[in-house]
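Enquirer: Sequence:
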Amino acid sequence: MSKTLTDLRGMDELSSRYGCGLNPKLKAAIEADLRFPAKAAAPLPRPDDTAGPLPENVIRLVASTYPPERSHA
Numbered sequence: 010m011s012k013t014l015t016d017l018r019g020m021d022e023l024s025s026r027y028g029c030g031l032n033p034k035l036k037a038a039i040e041a042d043l044r045f046p047a048k049a050a051a052p053l054p055r056p057d058d059t060a061g062p063l064p065e066n067v068i069r070l071v072a073s074t075y076p077p078e079r080s081h082a
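Take any residue in the sequence shown, note its place counting from 1, add 9, and you have its number in the numbering used here.
Hints are supplied without guarantee of correctness; some may be wrong.
Pairwise CB distance ranges (calculated) [as the list claims (entries may be wrong)]:
1) Val71 x Leu35: 49 to 57 Å
2) Gly28 x Pro64: 33 to 41 Å
3) Leu14 x Leu53: 17 to 25 Å
4) Lys34 x Lys12: 20 to 28 Å
5) Asn32 x Tyr75: 53 to 61 Å
6) Ala41 x Pro76: 37 to 45 Å
7) Arg79 x Pro56: 53 to 61 Å
Read the hints as simulated data drawn from the structure, not as lab findings.
We treat Cβ as the ideally placed atom computed from N, Cα and C, and that holds for glycine.
Throw the hints in and build the complete structure from the sequences for me.
Expert: Structure (structure tokens):
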């Protein structure tokens, strides 16, 4: 997604020379997203944080080990 946003910012820079371009609020949002990506906003969970017992109302999700079935159109 960052490649797309970088391309949009570059197109805006070029088009703003000719009197058109992105909405200023959208431009500011794109620049903020490029500076602070969402994947860096939260710490990664450690395995020992999620290995213990869970409350009654929580179900542990396990990754499937088998390949998903493909449907034929």
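Enquirer: Run through the hints listed earlier and report the numbers of any the structure violates, in increasing order.
Expert: 1, 2, 5 and 7
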